[in-house]
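Asks: Sequence:
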Amino acid sequence: MAQRPCRGAVAVLGGLLLALTVGPLQATATASAQEKAAEGTGMVMVLDSSGSMAGGDGSGSTRIDSARKAVGTVADALPDGYPTGLRVYGADKAKGCDDTRLAQPVAALDRAGLKRAVAGVRPKGDTPIGLSLRKAAGDLPRPAGGATGKRTILLISDGEDNCQAPPPCKAAAQLAASGVDLHIDAIGFQVAGKARAQLECIAKAGNGRYYDAPDARALARQLQRAGQLSADGYRFKGKQIRGTTTRRGAPGIVPGQYLDTIGPHEERYYAVGLDAVSTADFSATVVPQPGAAVDPLDMLRTRIAYGTTGSCDSASERFGQHEGAAPLTSGVSRIPTQGGNGGCDKAGRYWLVVERKAAKGSDAARWPMELTFHVEHPLKKGVTPAQSEPEYGAGGKDAPLPATAPRDVTGGTGFNDARTLHQGVWRDKVLPAQTRWYKVPVGWGQQLRYDVEFANEPTVKGYSAHTSYGGTQVYTPSRVPVGSGTGQFRPQVSYNGRPASLSMGTVPVAWTNRYETHPDVVPVHRNGDFYLAVTLGAKAAEIAQHPQIGVVLRIAVLGREKSGPQAGASAVRAEVSPGDSGPSADGTPDGGGGWSTGRVVAVAIGGVGVLLLAGLAVAYGRARRKPQAGAGNSDPMRGGSW
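Just so you know, the numbering used here puts 148 at position 148 of the sequence shown, and the rest follows in order with no gaps.
Read the hints as simulated data drawn from the structure, not as lab findings. Do not take every clue at face value.
[Stated by the list, open to error] Distance windows between CB atoms, simulated:
| no. | residue 1 | residue 2 | range |
| --- | --- | --- | --- |
| 1 | G138 | H322 | 28 to 38 Å |
| 2 | S494 | G138 | 36 to 46 Å |
| 3 | V277 | R111 | 52 to 62 Å |
| 4 | K360 | V383 | 49 to 59 Å |
| 5 | G487 | A119 | 50 to 60 Å |
| 6 | V277 | T517 | 20 to 30 Å |
| 7 | V277 | K397 | 34 to 44 Å |
| 8 | A119 | G51 | 14 to 24 Å |
| 9 | T517 | D275 | 17 to 27 Å |
| 10 | R101 | G55 | 20 to 30 Å |
| 11 | A119 | K194 | 37 to 47 Å |
| 12 | G138 | S563 | 50 to 60 Å |
| 13 | E267 | G487 | 24 to 34 Å |
In this text the structure is predicted, and so the values were computed from the model without any measurement. Heads up, the beta-carbon is just placed ideally off N, CA and C, and yes, glycines get one too.
Given the sequences, and given the hints that come with them, work out the whole structure.
Replies: Below, the structure is given as structure tokens:
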């Protein structure tokens with residue numbers, strides 16, 4: 001997860017957090033397929049069908065047979081309705097650098113159609129990778145009406161391009177530069193030397209990832225990972241806006257949620273009008289391609305500027321690890337002082353400034369960015385707020401957590417579709433380079449405390465010497481990360497396929513925490529949904545045999561909820577025992593769902609759009625050990641994968 005080594009003394013992050021409306025699943029209707037294609041989200045697999053694919057794969061089968069099975073595996077694992085197509089090259093002519101065709105158009109997922117299309121492929125000819133990539137980009141629908149989609153080209157090849165018309169790395173770079181929504185992943189099937197180097201180059205130039213598949217099982221595993229990671233992309237929400245590089249001409253924003261992009265070493269300015277007494281909360285979330293090249297010190301910085309050169313507050317967030325990018329959020333607040341005589345207490349024009357810093361060799365692509373702006377009005381005259389709560393107390397690292405049998409859940413893709421959880425034990429799956437999102441309601445006077453446990457997984461070749469990481473971060477209702485630098489908790493743990501765990505939490509929620517000084521206390525000043533993000537490092541793809549890795553969350557909400565922020569507020573209900581667990585607030589504890597036919601991002605004229613997406617169905621990996629009879633035991637980590 002991101003690490004936060006520095007923040008302003010009164011940093012608070014704001015956000016307008018709107019609930020998702022889940023659309024109905026209509027995966028097979030022709031009209032739905034056309035509607036989905038217009039949204040600009042989907043994946044096209046580009047399969048090498050050249051003559052070399054007729055060769056043996058080392059297990060008694062041919063490479064093309066292994067590829068057919070792998071395509072079938074990923075088709076079964078993708079969520080219902082996710083727009084998916086198939087392009088092949090080298091399948092129709094013994095010779096010819098123009099031999100590429102679309103075998104299955106990009107439309108709402110047709111599993112049987114994909115399997116029929118790949119079953120009919122007979123390897124024959126040359127390897128025109130560059131041309132096929134260009135054609136594949138045209139196969140994918142483009143976003144319409146300002147929507148932010150995610151288009152994926154997934155290349156599977158056992159060799160290098162022998163046509164060079166155009167050069168494949170150059171073609172990949174040109175395509176990736178054409179929009180922030182397009183990326184190219186590459187899977188090398190039993191490749192080495194120049195062939196592997198070329199595929200790695202294609203993935204890097206295409207703002208994607210390279211996956212190595214030395215055998216048929218690895219091919220199926222890596223193809224499933226790449227496909228699901230594409231389908232599970234961050235669900236954006238907001239009104240399109242374009243920030244300026246200076247204060248002059250900066251677009252004005254009002255409370256709401258917005259979408260923009262930001263490049264390396266770039267600043268984006270947004271103008272706001274603030275009164276003299278309200279707290280103004282801002283956040284910025286960037287979403288690079290999962291696992292994209294970043295330096296641990298690459299930074300996202302937010303600040304509030306005023307006057308000619310003045311600055312009210314600033315905050316910086318860094319990736320803090322070497323395994324590639326994950327969503328990164330930074331936020332700041334304008335909090336009027338108690339005496340009302342601070343430099344930023346005046347009514348007038350202010351600017352939210354977002355800055356991205358990148359080291360040499362880091363991902364140079366523009367990143368999609370989600371902005372939030374929220375205003376908190378002061379308490380009513382005569383209301384005395386309760387005392388601040390700057391200590392962890394009973395909610396520290398030794399707090400008792402639930403030990404009940406786990407309940408299955410599927411986390412969301414980001415803040416906007418984070419899965420609602422309550423106190424209890426929950427079990428999910430996560431892909432390498434993926435972040436899963438959850439939210440937990442926390443009331444006045446309460447504090448959140450949870451553990452994340454990463455499962456015991458069979459490794460690719462027995463015990464693996466590779467090491468990845470597991471990470472977590474907790475965010476306030478205003479999207480402020482508050483789980484770093486406390487001395488109580490840490491946001492990352494090493495992971496090599498063996499069980500590993502992290503502890504995380506917040507101080508109790510109190511209105512007057514905003515006047516404290518610690519950056520992990522100040523933001524915890526508003527009740528509501530607190531967000532939990534769980535990340536698995538990209539290198540875990542080199543470790544685990546199963547496409548996904550199990551994760552358990554043990555969640556406790558400690559303390560009695562108060563009816564309000566005022567001193568002497570009555571309790572809302574009795575405190576819940578750590579041994580109790582409640583249902584998920586959205587009433588769907590088993591996860592699942594499909595790829596809905598609603599827009600990935602719905603942008604309403606003059607307001608914030610509503611995201612119409614159902615949860616993604618995630619295929620579970622085969623268990624390392626078969627569960628015992630009566631599998632609802634209280635040890636969810638036993639047996640590794642679930």
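Asks: Next step is simple, just say for each hint if it's right about the structure.
Replies: Tested hints:
Separated by about 36 Å at the C-beta atoms, G138 and H322 satisfy the suggested range of 28 to 38 Å. S494 and G138 have their C-beta atoms about 43 Å apart, which keeps the hinted 36 to 46 Å range intact. About 58 Å separates the C-beta atoms of V277 and R111, a value consistent with the hinted range of 52 to 62 Å. Hint check: K360 to V383, Cβ distance near 53 Å, so the stated range 49 to 59 Å holds.
The supplied range of 50 to 60 Å is met by G487 and A119, whose beta-carbon atoms lie about 59 Å from each other. A hinted range of 20 to 30 Å for the beta carbons of V277 and T517 is consistent with their spacing of about 21 Å. Checked against the hint of 34 to 44 Å, the pair V277 and K397 passes, with Cβ atoms roughly 38 Å apart. Against the hinted window of 14 to 24 Å, the Cβ-Cβ separation of A119 and G51 comes to about 19 Å, which satisfies the hint.
For the hinted restraint 17 to 27 Å between T517 and D275, the CB-CB distance of approximately 25 Å keeps it satisfied. For R101 and G55, the Cβ-Cβ distance of about 22 Å falls inside the hinted range of 20 to 30 Å, so the restraint holds. At about 31 Å, the beta-carbon gap between A119 and K194 misses the expected band of 37 to 47 Å. Checked against the hint of 50 to 60 Å, the C-beta distance between G138 and S563 comes to roughly 59 Å, which is consistent with it.
E267 and G487 have their C-beta atoms about 33 Å apart, which keeps the hinted 24 to 34 Å range intact.
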